[in-house]
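Enquirer: Listed below are the residues making up each chain.
Number of protein chains: 2
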Amino acid sequence: MSKNKKTLKIAIAGLGTVGAGVVKILENNKDMITSRTGRVIEIVAVSASNRSRDRGIDISGYDWADNALDFASRDDVEIVVELIGGSDGVAASLAKQSLAAGKSFVTANKALIAHHGFALAQTAQDHNAALKFEAAVAGGIPIIKSIGEGLAANNLTRLCGILNGTTNYMLTQMEATGKDYSEILEETKLLGYLEADPSLDLDGIDAGHKLAILSSVAFGVKTDFANVYMEGIRRIKLVDIEYAKELGYRIKLLGIASISDAGLEQRVHPCLVPNAAPIAHVDDGFNAVVVEGDFVGRTFFEGRGAGEGPTASAVVADIIDIARGHNGPAFFIPCHDMKDVPAASISNRYGPYYIRLHVEEKPGVIADITAALRDKNVSLHIMLQKGSEQDGSVYVVMVTHEVREKDVMTALDQINALSSVIDKALAIRIENL
Amino acid sequence: MSKNKKTLKIAIAGLGTVGAGVVKILENNKDMITSRTGRVIEIVAVSASNRSRDRGIDISGYDWADNALDFASRDDVEIVVELIGGSDGVAASLAKQSLAAGKSFVTANKALIAHHGFALAQTAQDHNAALKFEAAVAGGIPIIKSIGEGLAANNLTRLCGILNGTTNYMLTQMEATGKDYSEILEETKLLGYLEADPSLDLDGIDAGHKLAILSSVAFGVKTDFANVYMEGIRRIKLVDIEYAKELGYRIKLLGIASISDAGLEQRVHPCLVPNAAPIAHVDDGFNAVVVEGDFVGRTFFEGRGAGEGPTASAVVADIIDIARGHNGPAFFIPCHDMKDVPAASISNRYGPYYIRLHVEEKPGVIADITAALRDKNVSLHIMLQKGSEQDGSVYVVMVTHEVREKDVMTALDQINALSSVIDKALAIRIENL
Numbered sequence: 000m001s002k003n004k005k006t007l008k009i010a011i012a013g014l015g016t017v018g019a020g021v022v023k024i025l026e027n028n029k030d031m032i033t034s035r036t037g038r039v040i041e042i043v044a045v046s047a048s049n050r051s052r053d054r055g056i057d058i059s060g061y062d063w064a065d066n067a068l069d070f071a072s073r074d075d076v077e078i079v080v081e082l083i084g085g086s087d088g089v090a091a092s093l094a095k096q097s098l099a100a101g102k103s104f105v106t107a108n109k110a111l112i113a114h115h116g117f118a119l120a121q122t123a124q125d126h127n128a129a130l131k132f133e134a135a136v137a138g139g140i141p142i143i144k145s146i147g148e149g150l151a152a153n154n155l156t157r158l159c160g161i162l163n164g165t166t167n168y169m170l171t172q173m174e175a176t177g178k179d180y181s182e183i184l185e186e187t188k189l190l191g192y193l194e195a196d197p198s199l200d201l202d203g204i205d206a207g208h209k210l211a212i213l214s215s216v217a218f219g220v221k222t223d224f225a226n227v228y229m230e231g232i233r234r235i236k237l238v239d240i241e242y243a244k245e246l247g248y249r250i251k252l253l254g255i256a257s258i259s260d261a262g263l264e265q266r267v268h269p270c271l272v273p274n275a276a277p278i279a280h281v282d283d284g285f286n287a288v289v290v291e292g293d294f295v296g297r298t299f300f301e302g303r304g305a306g307e308g309p310t311a312s313a314v315v316a317d318i319i320d321i322a323r324g325h326n327g328p329a330f331f332i333p334c335h336d337m338k339d340v341p342a343a344s345i346s347n348r349y350g351p352y353y354i355r356l357h358v359e360e361k362p363g364v365i366a367d368i369t370a371a372l373r374d375k376n377v378s379l380h381i382m383l384q385k386g387s388e389q390d391g392s393v394y395v396v397m398v399t400h401e402v403r404e405k406d407v408m409t410a411l412d413q414i415n416a417l418s419s420v421i422d423k424a425l426a427i428r429i430e431n432l
Numbered sequence: 000m001s002k003n004k005k006t007l008k009i010a011i012a013g014l015g016t017v018g019a020g021v022v023k024i025l026e027n028n029k030d031m032i033t034s035r036t037g038r039v040i041e042i043v044a045v046s047a048s049n050r051s052r053d054r055g056i057d058i059s060g061y062d063w064a065d066n067a068l069d070f071a072s073r074d075d076v077e078i079v080v081e082l083i084g085g086s087d088g089v090a091a092s093l094a095k096q097s098l099a100a101g102k103s104f105v106t107a108n109k110a111l112i113a114h115h116g117f118a119l120a121q122t123a124q125d126h127n128a129a130l131k132f133e134a135a136v137a138g139g140i141p142i143i144k145s146i147g148e149g150l151a152a153n154n155l156t157r158l159c160g161i162l163n164g165t166t167n168y169m170l171t172q173m174e175a176t177g178k179d180y181s182e183i184l185e186e187t188k189l190l191g192y193l194e195a196d197p198s199l200d201l202d203g204i205d206a207g208h209k210l211a212i213l214s215s216v217a218f219g220v221k222t223d224f225a226n227v228y229m230e231g232i233r234r235i236k237l238v239d240i241e242y243a244k245e246l247g248y249r250i251k252l253l254g255i256a257s258i259s260d261a262g263l264e265q266r267v268h269p270c271l272v273p274n275a276a277p278i279a280h281v282d283d284g285f286n287a288v289v290v291e292g293d294f295v296g297r298t299f300f301e302g303r304g305a306g307e308g309p310t311a312s313a314v315v316a317d318i319i320d321i322a323r324g325h326n327g328p329a330f331f332i333p334c335h336d337m338k339d340v341p342a343a344s345i346s347n348r349y350g351p352y353y354i355r356l357h358v359e360e361k362p363g364v365i366a367d368i369t370a371a372l373r374d375k376n377v378s379l380h381i382m383l384q385k386g387s388e389q390d391g392s393v394y395v396v397m398v399t400h401e402v403r404e405k406d407v408m409t410a411l412d413q414i415n416a417l418s419s420v421i422d423k424a425l426a427i428r429i430e431n432l
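Line by line, the protein sequences are chains A and B.
Per numbering that gives the first Met the number 0, the very first residue in the first sequence carries number 0; after that it's consecutive.
Per numbering that gives the first Met the number 0, the very first residue in the second sequence carries number 0; after that it's consecutive.
There's no promise every hint is true.
If chains are identical, the list can't say which one is meant, so a pair holds when it fits in one copy or spans any two.
In silico PhoX-like pairs for lysine-lysine, Cα to Cα no more than 25 Å straight-line [stated by the list, open to error]:
1. 361 with 29
2. 338 with 29
3. 423 with 385
4. 29 with 221
Calculated directly from the structure, the hints in this document are not laboratory data.
Could you build all of it, start to finish, from the sequences and the hints given here?
Expert: Put into structure tokens, the structure is as follows:
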């Protein structure tokens, strides 16, 4: 039990939504946090791009730094909190310099940890400093702690999750309103839910960052974002959501990671998930993670994925952990025990597929399509075709039996070369969680 | 970072299902756990009521103690793991003596912590020892850690959960098979899912124990099992499950705790929960907990509630925590900060109710019933009556608007006194989570 009542001094770099939230929590819940940690947590300095912006918080009592890198050399600062963002630049320099100076480093920066997690963990270990990033993945869910500590008795081999709230919101809205992708995209932009670079959300990159972090925590592998397969939601149409529903599924953008003799599998892509799976009912901006352990079985965690409150809650939980003296390795095992595991190729995925085709309605089209599938031994379980569109084209939806990914993709390449194909065939993996 | 590679020696009291599971995890995942903790965890001694029983584990390498209390005075033992059960007797003596001797104490015993949690936490604090009980609540969900650490930045004021897997299994089976309570009860007994004293499951006592523990962890109040209101599932009929379904609800046995100016509310009883709530879809032996924080918003956790693997996983997580040097206060704040909060009476609950009546079908019955409700200002939202049973009786189901519990109960007392009432009226609280 820590009897150390010494003040714990922190500096915060970045005062956007999350940074302001961290200040609010530390001020509003100050007495409670002092009781929970046995230490008074004091913000001594802050830094941001704009000093005078109204953030709904009073920062006049804190030192101001024009350059956040100054925090790394301040003798009185025990924890540097980085809420700037970006995989490189100031955030990365601040991480390296702070840890090398023996300061603990708390961040919500998923890109930074996905790209440099292992190297930073090594720097932290070498200088006996703590590196913590609970807020980088699924803000409102204490998933890093749950995997690294709560489920630490288990050998974990598989996890999956809805890791991006914005795209989950968009898919939920498409189903709820019956509006198509482009219309919902515009509405989501207006709401300010998209990252400054929308590609991070729409192409699955943000979810990929989070998945790479979760893999490292769960499997003890070196962070390997470069080998995450990513495919976003840009090609999902309302018609896919409607057909999926008819087939007993919902469409979710999932991150899936597993480790086996085949290697480390890390992939982010839209999936059809059965209605009966809890993850099928995680809607709007919520995130969820499913973790399976050899002893604990299946566990399921759900909470808000982003936003001021949930993300700041996770940042402060990390600060509280450090105040309590919980300063273990960043990925919960020493760096020299972290494994280099070769990536498993997605082309070896074996499972069922939903395939949506948009073709001209004329004799022989279906024969050509089914022949291409037959040639790659892709056998069909269900085929739906429901009348024509106004322009005389037709949507054909098929569900395959379990097949090899490369066979499906080769067959679709052949199908896409047919002159009757209006829009490139879309295959969505079905995950029977 | 702990560089302490010294062996951590533990003794296990109780080798039932969970005890055997703990031995299996520590043996099967030994190398992984050593990497995760930096220490070799060694079982040095075990104790159980029967030495020779086949448990699927080899205990010949451990010292045997006929009396588990011997562990409290063994100099080489750092952690005593108690898996005997029971709120008093050997378990309680072992807890007191171990902690008083400065040993850490890990237990899965919910009755012990519900009854003596605060006193044991005080003993632990006085002797600088750790007291941990993750396995006591919702085995497969790291909920104690999630609340006490993961959500520690938040002021928590409300939580609820499905905390008893056996009754959740029974309710799920009634709906799935269309069999009535008594038949499912017999099947559940045969499966061995019921506690040795079935009242612990069926009357909500087991869930009550767990709720009292969660309240202390979440709200920082002294454990107060004596004031938990408990009502089990014995009066739930198939007809209730069917009517609930028709009304858009499912019936779940929930534990609900909240803290407000009205005091500490702790209640376990069947509830109608809306189909749209995630907790409505937690089936069979699974447990779930919903926690709301001032910054994090709503979080939802689901996992297996009991059984060898999930419970042992939680016990070993506590051992790993101690091996990592995480030895903070049992309820995450020092004992002198734990509050004595008066109990809020359930008679002040304000909300909607489902009421099921079984009455003789004759003129004036409904008039008498509705008059009794009117006299207590209980206004009705829905009333369903669907033809008669073969014996000429009739089920009448009503849903009230939001009303005060004591008014509903007083009205039902009057209704129950009517000669036309065949079976005492059943009121089930509707919780629009």
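Enquirer: The structure should be examined with respect to each hint, and the outcome stated for every one.
Expert: How the hints compare with the structure:
no. : hint         : result
1   : 361 with 29  : neither (71 Å within a copy, 64 Å between copies)
2   : 338 with 29  : between (40 Å within a copy, 17 Å between copies)
3   : 423 with 385 : within (19 Å within a copy, 54 Å between copies)
4   : 29 with 221  : between (37 Å within a copy, 21 Å between copies)
Of the numbered hints stated above, the single one contradicted by the structure is hint 1.
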